[in-house]
Amino acid sequence: MTAIAPSNRLDAEALPPQPASPAAVAWRRFQRHRLAMVGMFMLLAVALFVTIGSLFVHGYCSGLKQDVIGERWANCNDTSQIRQPPSSSYLFGTDSVGRDLFARVIFGGQISLLIGVCAALLEVIVGSIVGAVAAYYGGWVDNVLMRLTEAMLNIPSLFLLIVISKFFGGSLPDINLFGRHLTGSVAVIILVIALTSWMYLARIVRASVLSLRERDYVSAARALGVSDRRIIFTHLLPNTLAPIVVTATLGVANAILSEAYVSFLGLGVTGATATWGNMLEGAYRYLEAAPWLWFFPGILILLTVLGVNFVGDGLRDALDPGGLKDL
Amino acid sequence: MRTLSPFRWSTLISGVAVLGLLLAACGPASTPIPLDEPTAAPTAGGAEPTAGSAEPTQAAEPTAAPVAAGGTVKISFVQEPDTLNPIYSAMYFSTITRDFWLRGLFIFDEQLNPVPQLAAEVPTTENGGISADGKTITVKLREGVTWSDGEPVTGDDFVFTYEMIVSEKNTVQTRYPYDTVIDSVTAPDAGTVVIKLTQVFAAWRTSLFLFVLPKHVLQPVFDADGTLDNAEWNRAPTVGVGPFVYEEFESGSHLSFVANPNWFEPPSIERVFIQIVPDDAAQEAAIIAGDVDLGLFLSSDQIERLEAGGAVKVVAVQSGYDEGWFLNLREGLAHPAMLDKNVRLALALATDRFTIVRDLLVEDLNPVNATFWSNNPPYASKTLEPYPYDPEKAMSLLDEAGWTDSDGDGIRDKMIDGKKVDLELRYVTTTRELRKNVQAVVAQQWEAVGIRADLRNVEADQFFAGYADQGPVAIGDFDVAEWSDLPTSFPDPDASEKWRCADIPTDDNPSGQNQGGYCNPEFDKLLEEQSRITDADARIAVYEQIQQMMYDDVAYIGLWLDPDLWSINQRVQGVSIGGVNPFWNVTTWTLK
Amino acid sequence: MTAFVIRRLLQAVPQLFIISVLLFGLMQAFGDPIATLGGRTPPRAEDRERLTRLLGLDQPVWMQYAFWLAGNDWFMMDRDGDGIGDTPGGRRGVLRGDWGTSLVTRKPVMEDIADRLPNTLLLGLVGEIVIIIGSLTIGIYSALNRYTFVDNVITALSFAGFSMPVFWLALMLMYIFAVNFRRWGLPYLPTVGMFDPDVGPSLSELLRHMVLPVATLSLISIAGYSRYVRSSMLDVLGQDYIRTAKAKGLTAVKVLRKHALQNAALPFVTLIGLDLPFLLAGATVTESIFAWPGMGRLFLERTDRADYPTLMAILMMISIAVVFFQLITDLVYSFLDPRIRLD
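First to last, the protein sequences are chains A, B and C.
Those letters in the first sequence? Residues -1 to 325, per my numbering, in order.
Those letters in the second sequence? Residues 231 to 822, per my numbering, in order.
Those letters in the third sequence? Residues 158 to 500, per my numbering, in order.
A few of these clues could be false.
[To be verified] Pairs of lysine to any residue residues, derived as SDA-like cross-links and limited to a Cα-Cα distance of at most 25 Å, are as follows:
#1 K666/B with V66/A
#2 K666/B with L151/A
#3 K755/B with K623/B
#4 K666/B with I127/A
#5 K623/B with P171/A
#6 K264/C with M473/C
#7 K399/B with D215/C
#8 K666/B with D76/A
#9 K644/B with P171/A
#10 K399/B with G242/C
#11 K63/A with T468/B
#12 K264/C with F323/B
#13 K63/A with E561/B
#14 K612/B with Q700/B
#15 K399/B with W231/C
#16 K399/B with R263/C
#17 K426/B with F323/B
#18 K666/B with R27/A
It should be emphasised that the hints constitute simulated quantities derived from the structure, not laboratory data.
Just so we're clear, the structure is a prediction, and the values are computed from it rather than from any experiment.
Sequences and hints are given; from them, build the entire structure.
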């Protein structure tokens, strides 16, 4: 403690006279959380790997008799090179149809991260709107929404995941995103994961909006004739930011893991699109025979999930050092 | 803060851990007396050597003393039989258990020849079993065969079985072929069954009375409930007729059968234990570890790993299945290019199926098949070869058909009714790993000739879902659909429903089974003709024509012969898996 | 109190109704129960039509729901296929205690569930005990030794623990302890099932076969829960009364046992309590891999066959259990903490 104290004083002197904004305070606390910073760097490293890395992968595709780059290289198969262990020509080895695992891990990672971020965003959108609307309007709206929330919480999450992915399976069209062609199943997985995970956030948001609703500034806004929508989005939700941010962060890790489970149950992303989850699923049968098949996607999932959890831990401490322990 | 030690938790945990380790260390040998108390002889010596020989790496066998009789053969099933009553189940895993406990008129050996079981002999025209017009079959029953409760098996049981199958009161799984070809089944005396057919039916041996129901057990149930749907016997058939007798069926866990000493060929092994192991990878581990003697539904990439220890042999058994592409020829539903025979031929020529079977499967076990009947000797065509791999010719065929890459995007296209249509084909199959891999390889081969593949994977119950449930195959939402199929009533083909014009699914005929929509009246005529021919050679000749016709029309592209792979631990001797009845010779199996 | 219980139960009725409608609707997209009937190829046209009719699958969805809820013995089913109802249906409906017949086994759904439930509970309860003991021990230990080397290792391991997919962990354990240990001549564990058929079912066999699935189940949960115990323990240790107790001269052990543990464990116990009804659902992945005949596998198997009566029964049973346990939890709460009023 003695070592930190002087430096604190130094900070205080360097600070401008006005009090720091809440965001600045939180950022400072976050920076002091060692694990969180490690997590940040891990995430950054993974993100750079799957983005910058994708610019460099290329090779000669014997099946097409031409040099190909990017995702076309990741999808280029050569059945004479099936399940080759890591070597200088295939840094991470090859998979069951002779595709370069290094390239697939990169392009699969893009999808896995996309699924993680989108599912978490969608989860947060649905969860906070349901929670805020229920709390703000109260009465029968609250009743209906909360019954629905509880109904979904009553079903084991893996079962819900299975039921909903069966429901949406194969029903969405393919999409083109940043020049990548994705099967509709990517959108299905995002939807499924988000739809099965928003309930906890809805409850938390509802609880904090309930207490905020009676605050003076909300009553004042209402008296001034501010619209409900504006009150919810500009006055209520921003003040419940802490749980929302933390849930969103952890939601990313959750979604990446859920994707692996859904793949294991045979309901994952299909077609040519690789993800860490379906790579792991395909590798599962070669646990002993070809460990590199699961090692690389596995280690990347591990790094990402770990990183997200560390950051989440730091955010929790930084945004609300007292509460939020239950998240 | 050294505070952990006073906790009782920690002692508890270490206690549990020690207990676990002790149990692990003890191994199966130290566990109490085995269950099988009636088999006095093998129990003492039996348990020890099995535990020893279960170790695959044990080069020299420490306890080599072979046991003359007795012991348990352990088989793993990846699926649990839904019900054991044959009239209610279409499941392969239910069907094959009947080899143990419920035999019918015949059983088919590994050469697919009928071996009389409840029948005294195979009826033929020569021995008077089949009438001159071929419409009356008289079966003499084997004398002295009894149900496992001691009641004799009589002709009345067969009459009862027929009645139960066609009864409206029973929600049976299929009535084929009893509802289409049978005029009557009668039992003039206890030892005879007379089957009158409405028409000559060539495939009767492989589709009639492959099982029989015990009338004395089930008639009272039917009389009381008005149906057999809820009979106790369906799940727990304590009365059967076969070399083994039902012992136990624990849902999700196991089934067991014990030897029937009264069977006319008493088995040497004492018990068959079927463990349900749903996960493929876990099944593999169990086979390697020696916890399972016989495993099935294996894939060819597992062979090397399973045989590595030396204790396990993998055998391939032809059971009539071919993996292949069912092409969509239905106008308005299929891609317009699919309606052109030359484009379909180009698809075949553009796909290097030979490399696929060499690299992704086992070439010797899974050669490329030429036709839908290739896995059905002796009816398989002897002249047709699989469509060759010739991408140059494929490209010129596509060019001739008007499919050219006019916009330079690498994908061929064509103006149809003033609109540019890309040559992008829906390639649909199930979610099986091997199929996904094949899809990836094929997509690249197609890309090389300018065809884009839209790869889709659907789970089996949705893939084969009916017309009303929007099953992609039924409603024609595919251009190329891949699955493994066999001619009805293998090994005696009766593929009447898969290719006829009248069976194309439509709003008026939603259950039609000709999902590809192949329609050729000449072909229909030949199919009809073959089912009326009893002379084997003449029928084979008609099948040659049938196959030639479909080959020329390119309605089906063969991928590979799809035999079943079985693993057999060398602990079990004398196993000869049959394609129809895998356990046909179970009575001669012995345990080392 | 009684009024509270009655009101809560009444509230549960619409909730369960919503769940049942929601699930029944979702089930319709599950696929076709007679797609293959468990066979390898689709059934013949005649059989498909007949079975669709006999199993009542040709009725509109709302009608099927009505049958499921209220039975169909008041309705004339068409058994002979002439388009005219002739035989009254045989189902009495959920409201009258009939959960229907499985489309797979043709047995009453409840019998199928009763076959599997004990196995699931056995595995789940033993797993839960291991989880509680494990996470309390580890959580308290790392709270008391915060920021030491061991605590940091535990932290890292537990984060790694819950980033690990269960299926991977399960197969890994099987390969190490059941396959390779046997290969290396070490004491080994069995791969699959509940007993060795050469030996027959016995308690020691059961325990031996439970080691790996229980380990799989608990390792990942211990990782998560021990973090939770650690943080609530740290909260309690920072409170004034603990400091007072220490100042009074109580030994560390006594402080821990008398004050800290009690207060730290309460929220943890609640957490576990809320988890309990979900034990009924079983551990889908673990049960599949270790061939343990439990509920999770039942659900998965019946999903593949679109056996909606069984699926509905499993899901509704769990929902009812959750409602019931929530009520119990609330009652216990008010009993433990008089400040909470039940209204």
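Here's how the hints hold up against the structure:
At most 25 Å may separate the alpha-carbon atoms for a hinted pair to count; K666/B and V66/A meet this at roughly 22 Å. Taking the CA atoms of K666/B and L151/A, the gap is about 35 Å. The hint is violated against a cut of 25 Å. For the given pair, K755/B sits about 33 Å from K623/B by alpha-carbon distance, which is inconsistent with the 25 Å threshold. For the given pair, K666/B sits about 40 Å from I127/A by alpha-carbon distance, which is inconsistent with the 25 Å threshold.
Taking the CA atoms of K623/B and P171/A, the gap is near 34 Å; set against the 25 Å cutoff, the hint is violated. For the proposed pair K264/C and M473/C, the alpha carbon gap of about 18 Å is at most 25 Å, so the pair holds. Proximity of K399/B to D215/C is assessed by CA-CA distance (about 18 Å); at most 25 Å being required, the pair is judged to hold. Only pairs whose Cα atoms come within 25 Å are accepted, and K666/B paired with D76/A is accepted, the gap being roughly 15 Å.
The straight-line distance between the Cα atoms of K644/B and P171/A is roughly 23 Å, inside the 25 Å bound, and the hint therefore holds. The suggested pairing of K399/B with G242/C holds, with an alpha-carbon distance near 14 Å, which does not exceed 25 Å. Pair hint K63/A plus T468/B does not hold up; C-alpha atoms about 64 Å apart against a cutoff of 25 Å. Restraint check for K264/C and F323/B: the C-alpha separation of about 18 Å stays at or below 25 Å, so the hint holds.
A hinted pair counts as satisfied when its Cα atoms are at most 25 Å apart, and K63/A with E561/B does not qualify at roughly 35 Å. Restraint check for K612/B and Q700/B: not satisfied, since their Cα atoms lie roughly 39 Å apart, outside the 25 Å limit. Straight-line distance between C-alpha atoms of K399/B and W231/C comes to about 18 Å, which keeps the hinted pair within the 25 Å bound. For the given pair, K399/B sits about 14 Å from R263/C by alpha-carbon distance, which is consistent with the 25 Å threshold.
Distance hint between K426/B and F323/B is unfulfilled; the C-alpha atoms sit about 31 Å from each other, more than 25 Å. Proposed proximity of K666/B and R27/A is contradicted: the alpha carbons are some 49 Å apart, above 25 Å.
When held up to the earlier numbered hints, the structure conflicts with 2, 3, 4, 5, 11, 13, 14, 17 and 18 and fits the remainder.
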